[in-house]
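Okay, here's what each chain looks like letter by letter:
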Amino acid sequence: MAQLELRNVSKTFGDEHAVQDLSFTCKEGEFFCLLGPSGAGKSTTINLITGIDSPTGGDILLDGESIVDWSPQDRNFATAFENYALYPHFTVFKNMEFPLKAPVRAAEYSDKDRRDRVVQVAEMLRIDELLERLPRELSGGQRQRVALGRTLVRNPSIYLLDEPIAHLDAKLRHRMRGELKKIQMELGITTIYSTPDQLEALSMADTILVLNQGKVEQIGTREEIYRTPKNLFVAQFVGDPPMNIVPVQYQDGELNGAISIRLSQDDNKQRAAAVENGKLLVGFRPKDISFVSAESASSNAIGEVKVVESYGRTADVAIELDAETIVKCKITADKAPQVGEQVGCQIDQANLSFFDAETIQRIQ
Amino acid sequence: MRAFFEKRAPFVMVFPTLIVLLIIAVVPLIYVLRLSFTESTLSAPFKAFIGFDNFARAFSDETFGRSLVNTLFFAFTVTLLETLIGFVMALAFQSEKRLGGVVRTLALLPLFTPPVAIAMIWRLIYDPNSGLINHYLNNWGILETAVGFLGNPQLAMPAIMLADIWQWTPFTFLLCLAALQALPKSAYEAANVDGASNWQIFRRLTLPLVSPAVIVIFLFRFLIALKVFDLVFILTYGGPGSVTNVASFYIYRVGFTQFNTGYAAALSILVLLLISVVTTFMTVGRDLILKRLN
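Protein chains in written order, with the numbering used here: chain U, 1 to 364; chain A, 1 to 294.
Keep in mind that the hints are not guaranteed to be accurate.
Reference listing, derived: stretches of chain A covered by chain U, where coverage requires no fewer than 3 residues with Cβ under 8 Å from a Cβ of chain U [stated by the list, open to error]:
id, segment
1, 184-193
2, 201-211
In silico DSS-like links for lysine-lysine, alpha-carbon gap of 27 Å or less [said to hold, decoys possible]:
id, chain 1, residue 1, chain 2, residue 2
3, U, Lys335, U, Lys306
4, U, Lys94, A, Lys185
5, U, Lys94, A, Lys291
6, A, Lys291, U, Lys112
7, U, Lys287, U, Lys230
Chain U stretches covered by chain A per the calculated footprint, using a threshold of three residues with CB under 8 Å from any CB of chain A [claimed, not checked]:
id, segment
8, 48-61
9, 64-73
If you're looking for bench data, these hints aren't it; they were derived computationally from the structure. Predicted model only: the values in this text are computed from it and were never measured. Glycine included, C-beta positions come from ideal geometry on N, C-alpha and C.
Make the full structure from the sequences, and use the hints.
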């Protein structure tokens, strides 16, 4: 059980800033997610916390005590590496058993304890059939589960999981999301989890940190990240499909552009009026669009249906409003229009986001 | 037509190499094989076919037996020491960035130096009158009289071995270093995070992972050491007595100072067979060692 804090942590490789001025606190027992595209600095951050790399600036604190000078052995964090980092000459069993044989833990476990623990974790990860195999005899997904298993056999102060289920097939990934969240809640062990997949982050994390090019874009609960993205990057990175962004001009309570909205709520009007020249980007989630007939007075925009991607129960519909503007909307599949059809779009004003067109920051 | 050429293209491409190999390896081998069954001298080869007489003579030739023992003793001792020292040096310098670079460069020097030059240098070092070692032994008052290292039956073989170790340890050092640096870095990071001690990391990771390469280096070096000739030729000429008389040197003397090429050919064939048997045993041994280590 532990609370981890990073204060203004930076890491440069040569001239390259892998991580810049990173600060966050991961509370005891929290499921903390580092979310960002590849190259954002997620693995670097994990390696800095693990102790494999040393930061070029800033401080890392565990329960208020600086640990930057501690060796990885002393930190007692369990890490699942993105590249698996399995011991190539050990069987799966020996790979998973190895952390339990470390001098600091060896006394706690008898041979039987170790075997039981490994088998228990292997069963949960469904690799119990593979215990006598060598890593090179496994598929990518199996290796990833072994790497995860080697992490989970331990009882560390913090779990660090670097894209631990990225290489599993969709079905298994879905199941593992639930399993990991369950394990984490049962054990209550502080967990830092990195992923490029916003769905994983939204479905598991208590707190999400959105990382981009080594810098923090936003830290918040999943609700905050999803509903009130702090800037355009977060708005367009989170959500599938991501938030629709349309440039508009605000004047006298009305937004005009590829869409036209007469703002009915005072709160929206206030925010929209905050930018002096009235140049705004308005953002709305695909689920906040509903279809009306093209002639309807209540429609905010009229466009042509370009693509319909159906997923069984729901469908994503891409609508071209004008040459530069395509919005995507998510509706139940049976209400999906035909490709080529002219439709009216009605936008729910309750969840509008406004961004300054110049600074691309959210207007609160 | 095209398929015909595509099928034979690989053969066509290796053909020149095959020809060269044939000329420099197979033809001499057959020639030596033929020689060994004849009574031959350097000036008059293939004088008479004498069957296995040369081989029979070899089995009762005590000097030859002694030279084989010398060769195996020499090769095994120097290879063991060189591999051990090279491996320990490689471990010591693998994580040294600057110093490691300097040592690596210096290590190349003995490899660049012609073996004859190395042998000459060591002859000067061992010289009883003006040699470096005697000079210091005298100066520091350790010894009163000069020691003739190369003329002393107890010291001659160790002296040659020392020169050989100086010459060849860089070879094993560089190969061991390359092997260590090729080990998967990520496994070491994982081991650190898993809390393994340095000894555990060495014993459970480094040793099993690097030993296949080190054993190959050992075998490789052993095969080269069996052919030792230049050091013996220049430092002791097989003496004193036949203490440092190794197989290749004995064959040279039979063939090129006694001009008995038929007998020399038979001895060569026997050495070849012996080396094949020894290496086969060592390869089996390697597999056993590797099994034990994991």
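Here is how each hint holds up against the structure:
1. 184-193: holds (count 8)
2. 201-211: holds (count 4)
3. Lys335(U) / Lys306(U): This hinted pair holds, its Cα atoms lying about 16 Å apart.
4. Lys94(U) / Lys185(A): 19 Å, holds
5. Lys94(U) / Lys291(A): 15 Å, holds
6. Lys291(A) / Lys112(U): It holds: about 24 Å lies between the C-alpha atoms, which stays within 27 Å.
7. Lys287(U) / Lys230(U): 20 Å, holds
8. 48-61: holds (count 3)
9. 64-73: holds (count 3)
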